[in-house]
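Visitor: These are the residues of each chain, in order.
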Amino acid sequence: MSDVAGPDNAAKANDSSTPQWTMSAAIPSAAVVALLFCAAGLVFSRFDIVLVALPLIGCVALAWERRPRAREASSVHARLAEHADGGTLGYTIAIVPPEHAEQVQLRLTVLGDSIGEYLVGRTTAGNVPGTVPIIHSGPQELLAVQHRLIAEDAAFVGSASRLLPVRRTVTPRFTPIESLPLPPVLHGLTGTHASSRPGDGGEFRDIHPFTPGDRLRRIDWKATARRAGSPGDLYVRRTTATADATVLLVLDSRDDVGENVASWNDASSSLQGLSSMDVARQAASSLAAGYIRAGDRVGFQDLASQGRMIQHGGGIRHLARVLRAIELTAPSGPPLHRVRAPLVVPGALIYVLSTFLDDEAGRMAALWRGSGHRVIAVDVLPSGRLEHLPREQVLAHRIILMERADRIRALGAYGIECIAWQQNDRAASRAARLRALSGQQSTRAQVRR
Amino acid sequence: MSGTVRVRVRSAPRVGARVPGWMLRAFVAVVGTALCVGELAQGFWFWAALVLVAIASVFPATPAAWVLMVALGSSLLTRTPSALDGRIYALIAGIHLLHLLAAYARVVPGESWVQLRAFAAPLRRYVLVQVPVQLIAALALFAFAPRSGAQPVVLPIIGVVAALALVVLAIVLVVPFFRQKG
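Keeping their order, the protein sequence lines are chains A and B.
In terms of my numbering, the first sequence is residues 1 to 449.
In terms of my numbering, the second sequence is residues 1001 to 1182.
Hints listed in this document are in silico derivations from the structure and should not be mistaken for laboratory results.
Virtual Cβ for every residue (Gly too), placed ideally from N, Cα, C.
Any given hint might turn out to be false.
[What the hints assert, rightly or not] Here are the simulated distance ranges between beta carbons:
(1) A:Thr92 with B:Pro1109: 17 to 27 Å
(2) B:Thr1062 with A:Asn127: 29 to 39 Å
(3) B:Ala1165 with A:Glu99: 28 to 38 Å
(4) B:Phe1142 with A:Ser114: 22 to 32 Å
(5) B:Thr1080 with A:Thr18: 51 to 61 Å
All chains should be modelled from the sequences, with the hints used to inform the complete structure.
Guide: Quick look at the structure:
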């Protein structure tokens, strides 16, 4: 569902540390056993028992002679590939252990979930390749590496290194929307949409008596011949002016819940499945790309933060700016409770993308609607999967969804239109709903004229 | 297959041939049991040794494997040494192998994965230690093992020297560990 951005998005991390070596209890144990065998051989005059002690004495002597030095450092380099391949991203881990380390114990965490420990030889540790599945979009810790060194038949064990996280921002995959609902009032003197006022560039508006200021080439001679009551009466064909729409995308990043309902209390992103923020980023990117490519002006605001805001604007560079802001949006810090709705350009169309699991996003949408804006609520909660849920949690989930349905129904009562932005298998119904919303706007705009 | 398992499988590093970490514990059990069967007669000590094998396999952090080595080595006292008895050579190799496996089982979790090539260096060192030890054992057994009808060899001076050597060996082997811990 996601794709990875270009070379500027390449992620790598390096770390270097000096391990603290600890002697395993195996060596003193072997030494004690060897001494017991030797003592038994001496006491009982049995040299054959001493022979059994010989390999243990050899092991202890070799381990002690070749014990690792405390000042030798080890370094680790982790790097993610620049481009995704079939929904996965390659990684390479390179560990340069000190001279005496024979094995490296790797602990890998992928998408916040530990995938296990691996004991590898020192040669292999220099180049450990693998792949990470790309499940989510946005900023995320794709890989984290921790290691410790083992030397001399596990006689010496190094301290665990610091956890080395490798983060990367994954760009959501999106398709620009074609059926674009419009705000009730269009601004600007140019654009791709026909406005209600007369001007140049738009479609036919009406036939109107010639007034000073009208261009001569606009005189409609057929209409003049048909309508003129007296000599000198002239009629002109008037067209509508063109204008652009101002759209504000408001993304509610206060929560991020996955389709797997059992993971709603779990931070591990690999358990979530498709998450609400994945859907929200995809929806916001699709809308932003659709409007800006149609020549409209788009602004962006994160409902959870006053700092994450982009003023409305148009053009390809502005689109890149908005898309970057969308892909960087993620839940962070305590949720912000706003007393007043953020100020919005008059007449703008506002999209509120939220899960609507609480009242905050709906309250903001109602305030904007109350001040005369056209507001479209985009429901980004993925369809829940209830596997492995106990009965009481299934019941709790049902109650939460019923409250949410009431909330969305109340939004409709305020005059806020709603659209569910679900997975790709429901893309057809989503497109139909957007077409319907576009049609509603056209009808409404005609009525206003 | 759940999502977590899918992620684990798809994200596993490519390190070549590998075995699960619990295989080390299983090898401890196999080697320990084989030595018990080969060295100990059926009886109380046999079953006690098997209990030690089980403890060493399930709880590798305990010193059960080394206690088992003492029990196995003590079995030599019950029989006359012979250069033609293959069991003593097997015991020398087995106790060494048991020590290595138990040492690795202490640090490798059962649910982890172990690359087979990671054991190339320990295996090489095992062979380097075992070859001379087995040669010395064969020579010593041929030289000093009592033959039928012959008088036992009594070497009082060598006994005193050996006792002194044992004291020196104890100092060399044990004192550095205490010094490091202190």
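Visitor: Look at each hint and say if it fits the structure.
Guide: Hint check results:
1. In this structure the hint that threonine 92 of chain A and proline 1109 of chain B lie 17 to 27 Å apart at CB holds, the actual value being about 24 Å.
2. At roughly 37 Å, the beta-carbon separation of threonine 1062 of chain B and asparagine 127 of chain A lies within the given 29 to 39 Å, and the hint holds.
3. At about 33 Å, the CB distance of alanine 1165 of chain B to glutamate 99 of chain A agrees with the hint of 28 to 38 Å.
4. Range check, phenylalanine 1142 of chain B to serine 114 of chain A: about 55 Å between beta-carbon atoms, so the 22 to 32 Å window is missed.
5. For the pair threonine 1080 of chain B and threonine 18 of chain A, the beta carbons lie near 54 Å from each other, so the given range of 51 to 61 Å is met.
Checked against the numbered hints listed earlier, the structure breaks hint 4 alone; every other hint is satisfied.
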